[in-house]
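Asks: Chains as they are written, first to last, in the numbering used here: chain L, 1 to 353; chain Y, 354 to 1113; chain B, 1114 to 1289; chain X, 1290 to 1710; chain G, 1711 to 1889.
Note that these hints are calculated values from the structure, not bench results. Do not rely on the hints blindly, as some may be mistaken.
[As the list claims (entries may be wrong)] In silico PhoX-like pairs for lysine-lysine, Cα to Cα no more than 20 Å straight-line:
| # | chain 1 | residue 1 | chain 2 | residue 2 |
| --- | --- | --- | --- | --- |
| 1 | G | Lys1836 | Y | Lys426 |
| 2 | X | Lys1330 | B | Lys1122 |
| 3 | Y | Lys499 | Y | Lys518 |
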Amino acid sequence: MIALTALTELTLSRHNPLVDPHLHIWEWQIPVYLFFGGLVAGLMIIAGVRLIALRPQQREALVCCTIGPLMGLAFLSLGMFTLFLDLSHRLYVWRLYTTFQITSPMSWGSWILLLVYPALSANALAHLPEAVPSLARRFPILVTVSDAILARVQWVVGIGVANVMVGIALGIYTGILLGTLGARPLWNSAILGPLFLFSGLSTATALLHGILVVTTPDEERPAFADFLLSALAQLTQARPLDKNIAPVLARADNSFLTIELTLIGLFLLGQMTSTGIHQQAASLLLTGPFAAVFWVFVIGLGILLPLVLQSLELNNRIRHTIAPVILVLFGGIALRFILVYAGQQSHWFQPLN
Amino acid sequence: MSCEERVGSSDLHHSAGPTGSLKYRKKRVATVMNLSRRRFLQISAGTVAGLSAVDLTRRVVSAAGKDAQSGLKRIPTFCNVCFWQCGAIASVRDGKLWKIEGHPRDPLSRGRLCPRGSGGIDAHTDPDRLRTPLIRVSERGEEKWKAVTWDEALSFIAEKMQKIKAEYGPESVAAFIHGLGGKFFKHTLRAYGTDNIAAPSFAQCRGPRDVGFTLTYGDDAGSLERTDIENAQCLVLIGTHLGENMHNSQVQEFANAVGKGASIIVADPRFSVAASKARFYLPIKPGTDIALLLAWMNVIVGEKLYDKEYIDKYGFGFEQFVAEIQSYTPEWAYPETGIEPETIRATAREMARYRPATLIHPGRHASWYGDDAQRSRAIALLNALMGSWGRKGGLYVPASMELPDYPHPPYPPAGKATADNPNDRYPFADEVISTGIRDATISGKPYPVKGWLVYSTNLMYSLPNREETIRAIQQLDLLVVVDVLPSEIAGWADVVLPESNYLERYDDLHIEAFREPFITLRQPVVEPPDDQKPNWWIAKKLAEKLGLGAYYPWNDIEQYLDARLKGGGYSLEDLKREGVIVGKRPPIYFEDGAPAVFNTPSKKIEFYSTQLKQAGFDPVPRYTRPEPGPAGFYRLLFGRAPMHSFSRTQTNHLLMDLMSENAVWVNATEAARLGLKNGDYVRLRNQDGAVSDRIRVKATERIRPECVYMVHGFGHTSRELRFAFRKGASDSQLITRYKTDPLMGGTGVNVNFVTIETEA
Amino acid sequence: MNNVEHSAKPYWNPYLSGFGLGLVLLASFVIMGRGLGASGAINAFVATAMHQLAPDHVEKSAYYAEYLGDGVHSPLKDWLVFEVLGVFVGGFLSGVLANRLKFRVEKGPRMTNPLRLLFAFIGGALMIIGARLALGCTSGQALTGGSLLNVGSWIFMMCVFGGAYAVAYFFRKQWI
Amino acid sequence: MNAPFYKFGLFGDEASLIIAFVIGIGFGFFLERAGFGSGRKLAAQFYFRDLSVLKVMFTAIITAMTGLYLLSRLGFVDLSLVYLVPTFVVPQIVGGLLLGIGFVIGGYCPGTSCVSSVTGSIDGMVYVAGMIVGLAGFAEVYPSMQSYVQMTPMGQITLARLFNLPYGLLVFAVVLMALAAFAAAEWAEKKVTGTSPDPKGSITGGPWRMTPVRILATGLAAAGFVALIAGDPYRGSHASIDTRDLAIRVGKGVDKVQAAQLADWIIQGRNDFKLVDLRSERDFDAYHIPTAQDLPLASLTPDFAAHNDRIILYSGDGTEAAQAWFLLEAQGFKNVYLLDGGLRAWQTIVLFPQKSAGTDPAVFEKQVEVAKYFGGAPREEGTSPAASVAVALPKLAAPAQPLIPAGNSSNTQPKKKKEGC
Amino acid sequence: MSRFAMVIDTRRCVGCHDCVVACKTENGVPEGYCRDWITEEVHGAFPTVQLEIRSERCNHCDNPPCVSCCPTGASHVHERGGVVLVTHDKCIGCKACLAACPYDARFIHPDGYADKCTFCIHRVEKGLDPACVSVCPTHCMHFGDIDDPQSEVSLLLHSRPHHVLIPDAGTKPCIFYLT
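Just chain L, with the same shape it has in the complex (with noise of 0.2 Å):
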């Protein structure tokens, strides 16, 4: 006989469209948001780290330094559009920007993200000339900023170090936006802010990884890149860049997906070792509905085949290859669409079915 205190049935006759039978609010959206969101931060951190390590004379390596910021921009800017398609009253939007609310993590991130533009921005406008030197022909005065910039060591540091900044407050931010909702007991973990920084940094170095490959000039770039990339590598105009980063990145790449794997294996500890709602919650992701998806998409092909690939590529058994760089983002866009989902499943009233 079971207990009589055994809940058995739970009915509730709510029907409530996003709602019910489990919440459901986030579509695509949000997790395309946190996505972009990670990705910015992570490319935010590399070129304000290269900027600030590299000699402002030594103009090099400018995958990091401008088309990083460049194309931060540019997510930055999608990730915010994903959010604005995200919002059901979307006219008020503007009303995020007349207060500020202390308590509100979306709050804070809103205002981050404004002072994201500005710094990227800056980021970009240091080496852009070298970057495109089509445009700085067009536009001489960018010449000039970027003269200006690269002559004063402070701001060079200064930017960079406002990019470093930035980038892991947006970063950690992507996560404890989900960690603070505490009636979800499967996102109610701090872990998710510094998870979410390193895929983010993971799936950035990758995709500069990635630019890196597709832009090695025409003999020296791997045949898999060759048919349809190369057309696309045209198009960038870049200057030959420095293949020895190359290394560098893969290397990095795999130091943060081994920190994300870990990240990933503390969050997931801290909730098994937590109460049984807490527990249930874990258990979505290990057993129950998503696990499949989760060990699959995430771990295997997100995390644990890239690692493989990229170990392998720096022992020159393989080519660099944009196969990992691809996995990595697919994994980094899996990791925030099983954590959107699964968590939304979560619930202190677990429904007996």
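Starting from the known structure of chain L, fit chains Y, B, X and G onto it as the hints suggest.
Replies: Structure of chains Y, B, X and G alone, referenced to chain L:
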């Protein structure tokens, strides 16, 4: 499971919704109306446009956040979503119905309605309702019609009726009528010369109970039951699911009893809502109630726990009764009912502890297993042992207002006896047996029945075995259906007459016996949206077409009502304003001086019934074991949900929002064994191969493993009921068998068994 | 990326790779109680894609009903879909390790690219219809059923080779 | 340990998807290794230039076949639980022919096209697109063909059952056939291409030394030979039981249901168990416990109930029930119980209870009524139990028969998951 | 200060849904949505079953996570009685409050803003009970100020055992269920 489970759709319209939702509602109305143009004709585009414009302006007004209080009117009336007819006050804001609340001075509602009453506003604009009289143009049941004027429709009916009268006699027209609104149709038909006027609420619902009580006390339990639940200290419910059955006053009293800590005993194969409030829950095997009742009485008699003084004073045949029940020990009842002997003893003692404030509730819907009149008699006897009839906390003596009827010429002398009960096959049937009329229609015996008038009862849901109903319909020369909605039975009609909604018309006064005498008035709150007419108008016009105009010596209903009220010293003007007149409460308990009159042959409470003995039945109830179902089958049980009335509320968007389809309750262990999960769709197939529509599984710990349960009224097959069409499944579809009560012709329907088939 | 050999490594010996394949199949039998497959995944994919594009049409179709199931679980959450996903990954791993990744069109020297692609398309369409009729393709029927001594599989296998050899002559230009 | 693991519930559906992924990786890896990412190499099969397809396929088939055979024969795998695609002769002939033609035209089969496209073959990608479009088209004409695709069904049937030959013999025959085919293939390749096969990689070519390939071939041949003499791999004739576990359960008595308890369950209307009468049909007709189903021991097959059903067995004195209990335990039924004391206990305890000195009169009265309910009666005090056996069992009313054909109830089976390709 | 609260007697409640209908008509809640609902919780196995029926809605928490996560201040605590309300034209529809509410009491109104129970503040300010309370045929619902020790709700809470929903979520709900 309570009464009139099986009554048809009527009076169910959605009126203008609440302010904020009008925008959404408007859209729906417009689209549906487009669709409806194909079938139900004559919808003027102007109506739609007009409605929309009003909606729009109101939307603007309400968005501004200010209620124009000046535009608020509060009109008293009484509800008709179920037959309980609670007094209500409708609020009309800017000419639109806004909400309905209980009438604070009405003794039935005591200021509070049930969800169906509150949701009654979502009528009026119901896109599915009937709009204009219709005459069939193709095969019966094909639902093809032409729209006609009222004059054409009524002339058509009158002509056919005259023809039937000439050919077969007036008795060959029969009627099935439910509710207060049928009064004028009865009047017209009596004037025409037939007494074959049946209500499914007798043979399919509360008839067995009333016969069982009348055999014992000479009076029945009443419609508005005379149960003093509020003052009961011990309340016994046997299959009665108060709370799910939402008869307002009873539920209010039930909640008060619970609040006061009354001891509640529930015997039900299903753990009902009432069971969750009970001190004792007895998970009884279906169909074995009499065994339990006999064992209880055995204990009470054996341990001399009964009210000796009361029985000495009022009882008849107690010694024979005692002798008869000697053998029904709790141990004997154990294998029959599955209730432990100790539990039976404990509950019997519990009842006795609180007597006479111990009420064994007579229930309402009581046509279950074919032995129902005897079952009700056993309940009546148990109440008698407790001395609760006529006592506080038991079954009180109700009182009623008296108003003279409007004078009319005498009805023509009775010709042939009614067709339903030839040779008094069911000697204790004291009303017309609806299934008997159906049998007579099919067989043509004792005489042919060629015309049916169906008012406000969906026979496809209210009579068991739809096939037989359809076969009877095929024998008819005329089938007239008066209804608010295009119900399933309307689909088979030759002529469909659209009645106006209960919020759009006057009806006769509501005068019922209750704790205190009262009169309530139904008056129009809003105008009917289309060419619908009130029942009194239709019945009067039909009488005039039949040349019986003399029976309606008044011009309109206000004149009729005013004249009746004047007869009691009241006026319509006052009642329109007040809505309710409550008289002084007379003594309703024996101890307060209420008369202890028993209209039985012995003029006493008959523990031993000589009437039954003479007719060849058991003078004291006996138990027969219910027949088991085939292996692997589940017994099909059905009942009610608080937010729906029978099959008549499934087009009410507000109520459907609360419960949009029914589910079949399956014991959780059984469900797991069958591989069924909560929410899976299944179909039920009964022992005769009838298959239900698809229905969701509710895998629950709240039901015995060998039966399944569903809420009655869903699974509509009438295409015109677009909003309700094929939502959930209908138990009526699966009730192909019934067992007739030999005493009074009631149809026991819990004798059907089903298997569960997974939906592909 | 400097010291990487640029030439593709040779294929494995057919018997040894066949043995490896056999062991994978055996593992599938032992762990799952079922064999391998491929075409079923395409079914699930097409059903999902069509359901996205034309939900009403698909919900009415008798064919898709089987794959859409109860509407609660995505047809993509299917054993074969995940298995085929693995096939992609395994093929890629093997290819990348053997340096065989290259955009190319497989054909004989006398064949033009567009024609070859057209043939590939037609072949694919024919193949999947055949697989659907036979309740399996070379993996699901021939390989799996073959090792279970399934009657239908052996009939099927004979017909595959029969059909292929019968028409091979007419398509020789494509391959040799 | 029982395999297939999935069918024995070692892991759930979600985990099975992860396993599918891993198995798929192996599948794809070996396909690519064999060169099946190349359409040209595959098509060469049909021009006798490179018979890799035949070699790989048949090596895989005989490896899996002999491996599965041996594991089943050792009792590790329950072969009956391995899914067998049902046979429909005509659709499979037509399908096979279409597939063969498609193979030559397209150059791939579905599995190899995946490998091909992922290694960069454009034609492989187009081929996949062709499959998708082809299938979408087929779905549209499917309704008109629905009856056709179910033609000539033979059910789930193996060659062994079709020809009524020992399974092992067929395994051996297939191994031999495959080896012969390999030799023929190598000969044909040599004929067509004019080059002699690589001695290290072939079975027939080169000097007669033990290369890995030859070791493999010998091993497979040996396994085939073992199969020839080792008998039928299907379970039933051979199963394993954890005797210690059984002993512990028997010792605890958790495998038994008391007669009085069973009577209560029947009265409570519980039907979460199957009551099985193992006596002969005649005995069953004469008397059986209400709600029981008749299943003489000889006709006991594992498909009479699901593995997770709760089953209560009884027979006259309990012997047959105990035997059946073992058989069912061995076949992996998890909830099998014995009616303690069999029908005899039912008789003495439930049907004809006897008042003993210590019995509470109220309890006894209940027993009496239960007895009456089941058609029995209390025994006089002092009558010996032996005498009671002589008391005739009550005559049962004709058991309630289903009013509709029993076939309908089969629909209550849980929905089967799609299997196959 | 006043603190509005609801005290609901689960012993009296029969789950009839009248509170839901009353709310929908009073507040014009659109079809397909609801601000309050009925929950049935079953414990145990047949026939030893316990059933608790509750009328549920926004708990107007003392520590409302929906208010603290709102980026625009649209979700706020009303100065009267601590009622949690949403200002429609400040709401951007980000749905964070829906995710933050452990009771799933909020929904997105078809007009785009987050919506939920208001304790019928428009009625309460006129001295009336909320619509759901005023119609309940079983009189199982009580509304009042728990800061006033003499109020009906305070007296009930002092005299009867009660519980709140998901206390572990730390939201300090102000709807109390008498058991």
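Asks: If any of the earlier hints don't hold here, list their numbers in rising order.
Replies: 3
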